[in-house]
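Participant: Residue numbers (numbering that gives the first Met the number 0), protein chains in the order written: chain A, 0 to 96; chain B, 0 to 313; chain C, 0 to 112.
The hints are simulated quantities; they were obtained by calculation from the structure and are not laboratory data. Ideal Cβ positions, reconstructed from N, Cα and C, are used throughout, including at glycine. Careful, some of the hints might be misleading.
Computed spacing ranges between beta-carbons, pair by pair [what the hints assert, rightly or not]:
| # | chain 1 | residue 1 | chain 2 | residue 2 | range |
| --- | --- | --- | --- | --- | --- |
| 1 | B | HIS213 | C | PRO25 | 37 to 47 Å |
| 2 | A | LEU72 | B | VAL289 | 26 to 36 Å |
| 3 | A | ALA59 | B | PRO277 | 24 to 34 Å |
| 4 | B | GLN75 | A | ALA59 | 44 to 54 Å |
Take a look at the letters that make up each chain.
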Amino acid sequence: MSLLGDIITIVAVSAGAFFFLAGTVGLLRFPDTLTRLHALTKADNLGLGLVVLGLLPQAASLRDGFKLVSIWLLGLLAGATVSQLIARAARQGESAR
Amino acid sequence: MSIATIFEIVLAAVVLGLGIWTIVVRETYSATVGFVAYGLLVALIWVRLDAIDVALTEAAIGGGLGGVLLLGAAAQLRDSEPAVTDAAGNAVRVCAAILSALTAATLAGAVLVLPDPAPTLAPAAVSNAWATSLANPVTNVLMAFRAMDTMLEKVVLLLAIIGVWSLAPDSAWGGHPGPRHQADPHGVLVFLARLLPPIGIVVGIYVLWTGANHPGGAFQGGAILAAMWLLAIMAGLADTPPVSSRRLRLILVAGPGLFLVVGIAGLLFGSAFLSYPPAQAKPLILAIEVAMILTIAATLGLLLAGAPERRTGQ
Amino acid sequence: MSGVTVFGLCAAAAVGLGLYGLITNPQPLRKIIAFNLLGSGVFLLFGVIGRRGAAAGMGNDPVPQALVITGVVVAFSATALAIALVLRLFQTTGSTTLSNAAPSGTGSNPSGD
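Go ahead and model the full structure; you've got the sequences and the hints to work with.
Facilitator: Next up, the structure:
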């Protein structure tokens, strides 16, 4: 059971780290604000989700697991809202130009 | 060299790189963003130093609220940017660089020759925890063993808010700090400002409550409450209260006031100023912390809102 | 070299950087940021010394931790006051320069927090 948990942790956290890396590369390499946001939010949400998923088998209690999942949900909410606001500001800036 | 040490070296290098970038980058706005990232990564260093209480404070106040404060100021001052006529000359730069390098080298030398074994007050703090029946030694130091510092710090917060308010133009004295924010009522910001505060308020109170035995406390919880309040203000769902409001002023003095009352009671009925009778220590500390979290949340929020700008109805 | 020493050297460098920025940057807001960088370096030094004093089941000496928590909040309130001063200076004079040549009547020094 604990071996299976460890394997899930290693696989999921590695995959999460890969998505964070991909998101960061996208943030640095993509040409404009909207595509950069796309790279950042997609990869970060998925990356954070996979890291949380990977850490769940290591959680000592149900309460710790619940806290981990809440962090992911709050991260999703914040990421989605902020990227929408940035995208709107970017579009207004473009149309004003 | 273990993986943990490599991680620590990389973390220190990234923090240092961000620090350099914050100082040398041309645009003030970029420097501000760099400083916010710096603050959040410094919070990670605090985690590695096994100081979770400080890490929470640094992330919430240093990185979070401090970041909002600096970003807001940088956005307002953006137009004043090109006035770089009074830039420091080369001679000043070289002298400053030498002075700074010497200071840093002296401190680095001091870090390398710190005495071994290091002096510590941890055993004293842990072995006296019975006096308050709180299990978090940091809260014990803040609220009991060095309670005087914490009380005076509340007074500093109060003085800072009076200082900010006193910068108001005469026409706006007693009015509302900051502009009245307007947002699209069906927009995503208003949606977030309706959804998040109930969760944030619960988290803030939880952080205060758990601070008795685990990392957390009135500062960290107060910062979260202040953030929720500011979110509602920025989305236009709430307005900043007029600074002449009696209720607001009562909240602002509640923390230091209750602290002072308990302190003087300790002087009159106990052994010394701010001495709690061990049997009632926990309820007393909890009462002070509840008053403090309200004061901290209100003060932090109002410090961010700035000086009064407009009268009621404007 | 242990991680604690690495962070100690990092803190020393942050103090140096902050001092350099405080002297050379002309804009008040940049001076405030540099001052905060300096302050965070000092706080980190406290943390490093506290970490070395780990004992009695505590990973870090609680007394410096409590001092730093107090310090972070005081630094924040000082920063807020300094920024309010800069913004007011900008409102009344239209510029944020601190040099004497500028026609600013309110010659208060916002970086002196």
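Participant: Of the numbered hints stated earlier in the document, which are not met by this structure?
Facilitator: The structure breaks none of the hints.
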